[in-house]
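*Asks:* Sequences listed follow chains A and B, in order.
Just so you know, my numbering puts the end of the first sequence at 328, numbered straight through with nothing missing.
Just so you know, my numbering puts the end of the second sequence at 380, numbered straight through with nothing missing.
Be a bit skeptical, because a hint or two may be false.
[Claimed, not checked] List time: in silico SDA-like cross-link candidates among lysine to any residue, alpha-carbon distance up to 25 Å:
#1 Lys214(A) with Pro66(B)
#2 Lys214(A) with Tyr90(B)
#3 Lys54(B) with Gly97(A)
#4 Lys148(B) with Asp160(A)
#5 Lys56(B) with Asp194(A)
#6 Lys380(B) with Lys148(B)
#7 Lys296(A) with Asn327(A)
#8 Lys214(A) with Ile85(B)
#9 Lys292(A) with His336(B)
In short, the hints are calculated from the structure, not lab data.
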Amino acid sequence: MKSRREFLKGLFATPLIFTSCLYGSKEEFNRNAYSEEGRVVIVKSSRYGRNSSISFSKMMLSKGIKIFTKSENEIDGLKKLFRKDDVVGIKVNTLGGRNLSPLPSTVYALAQLLVEAGIDEDNIIIWDRSSRELKRAGFKINTGKGIKCFGTNSLINGYDSELSFAGSVGSCFSKIISKFSTAIINIGVMKDHDLAGISGALKNFYGAIHNPNKYHDNNCSPYVAELNTHPYIRDKLRLNIIDAPIGQYHGGPGYNPNYIFNFKGILLSTDQVAIDSVILDIIERERKKNGKPPLKEEKRYPKYLDVAEKLGLGVRDLNKINKIEVNI
Amino acid sequence: MEFSRRDALKFICLSCLSFTTFEGMEKNAFSIDLSNQFKKEEEFPKVEAKFYDKLKDGKIKCKICPQECEVTPNERGTCGTRENIEGKYYTLVHSRVCAAHIDPIEKKPLFHFLPGTKALSIATPGCNIECKYCQNWEISQFRPEEIKCFYFPPRSVALTAKKYKCPTIAYTYTEPTIFYEYMYDTAVEGKRMGVKSVMISNGYINRDPLVKLIPHLDAIKIDFKGFSEKFYSEICRGHLKPVLETLETIVEKKKWLEIVVLVIPTLNDSISENRNMFKWIKTRLGDSIPVHLTRFYPIYKLKNLPPTPISTLENLYKTAQDVGLKFPYIGNVPGHPYESTYCPSCKKILIHRVGFEILENNIKNNRCPYCGEYIPGIFK
Ligand code: SF4
């Protein structure tokens, strides 16, 4: 068996530096991490947008984390979700380019909060499928010391060589999720998806497998739901965030300025189904406001949400979701 | 330099079931060294795709294959190799090879096409369907940026074929339909230099692109995966009808065609289903189309099934003969007597094969030397 150092050396020309790493060790997840089904916190501010500073984003996030985790402050809240020795993978969705991806300022603000909560900055990876998409969305690639940021494709053999199965999905996972991370934060956006209906929290993990294109038929159902039952996701996912200074109610998943609406908020939840149900509701309302038919009529209703609920991934019924909205 | 199994796989042929390590390949005089052609992701050319319609809101509809993907900006179709960039559709795999090797033409398999010659065989990453038993899934089911690729433009391919005395370029290993533009340009360039082209395909291609491509090809091999819609949709994420149409179009355009049927225990090995398939081949395509009945080995998402019993292949071989097909073969069973070509009239052996080796070839001017029976194919 390769030593950890040998393994890491094989990934880049220069080795990645982690002060702790899952690879080669037994699974040691924080199974007691705080989580609450059917609870979604929305933090809004009229000042939240593309030009928000890291400190402003930090304030928004802090508020949300504190309320969601029912803690004295955001640091205590994060400590309920993460252990000090966690390697935290922050999976962002950067397909929408600079205009429709999580704001780098917000993602880096979150990384800073994690550091303040005691996580070593060497053990934080901001990641997506490709470094090209990350760069296009405004992130700075770093594979050296400190908070890392890179796409799976920047690794030599970035995907597992063996297939993993989850229901009808059979894929090779990014090693960032399967081998490096002990905890995952999932940061999606609030947007329409021409095949899946919407792309928020659950759909974001299509960016963690090698063959997402093969799972787009039948509105990506049941594939999106089944993928999220895989232990790499289910055991490691600590928090879902939808970063929504804006949303897109039609023409997605790429950015289309004709269908953008202002939302000026951040949603947080440990329940992927609940957070997606909330954004589906917001998107449907915007569609209606703008004269677009419901997704069902366009045969794009995200059926995978119902499947996800049946698979025990969270709460689908809006009436059962505890939605807490605060304004800054 | 580290090489993974996937890197090694780049050099594996579809019908070759043993893995060859890269170290081994370096010693192999027939492997093509493209290491000085390595390009970074952003350096590969993006070539505008053929056969697509522009729709509303920057969306496009790709019409190369029956998937007919509708793709929004920044997204890709099912094959993962074509991307909508600001309302224009681009192929990302033009000149971007993940496998280049010199194989016996018998390995494709093409048995009635220049027997005993070599084919410069190339592939790019990607496929438009997903067979659960894909032998080459580690290159066919990945996106181009997930696999180490080399820059190998059409002219270099044709020149390399000439350099290594290959009369043919084979588009193979993955699905050439998804690298249509590259295959097309290479076939044109090859023809200009006197090098032939053969397409080794699943047949999942639309009629229009196929008809435009056929004049530049010299032979086509189609994987006929099963004779039921259920098999195609459940095991391959495709549909049967377009493949039937492709087969008929190839025959209608008088292009040399051979068919492979990979026989998988319990899934497509029933005598009655295959008899119906053979009857369809005979009536719609003719009785002279070579049909290769090849042995399945467990791999990819079908590891739970055993290899095909040889007796199953032999029974199907006899069924094909009973139906009236003149040139059935058994494949992936090296040394089996039904790898060889027999005269359908006098039954004498015409081409004696062992594995991919030709021990004797008695065909003269497309005729059996013993009884004068016409033997279809391109033998010179
Ligand atoms: S070639 Fe690719 S993008 Fe085009 S229709 Fe086929 S699968 Fe879709």
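*Asks:* Evaluate each hint against the coordinates.
*Replies:* Hint by hint, here is what the structure shows:
1. Lys214(A) with Pro66(B): holds, 15 Å
2. Lys214(A) with Tyr90(B): This hinted pair holds, its Cα atoms lying about 19 Å apart.
3. Lys54(B) with Gly97(A): holds, 21 Å
4. Lys148(B) with Asp160(A): holds, 15 Å
5. Lys56(B) with Asp194(A): holds, 12 Å
6. Lys380(B) with Lys148(B): Outside the cut-off at roughly 37 Å; violated.
7. Lys296(A) with Asn327(A): Status violated; Cα separation ~32 Å.
8. Lys214(A) with Ile85(B): holds, 20 Å
9. Lys292(A) with His336(B): Roughly 64 Å between the alpha carbons, so the hint for Lys292(A) and His336(B) is violated.
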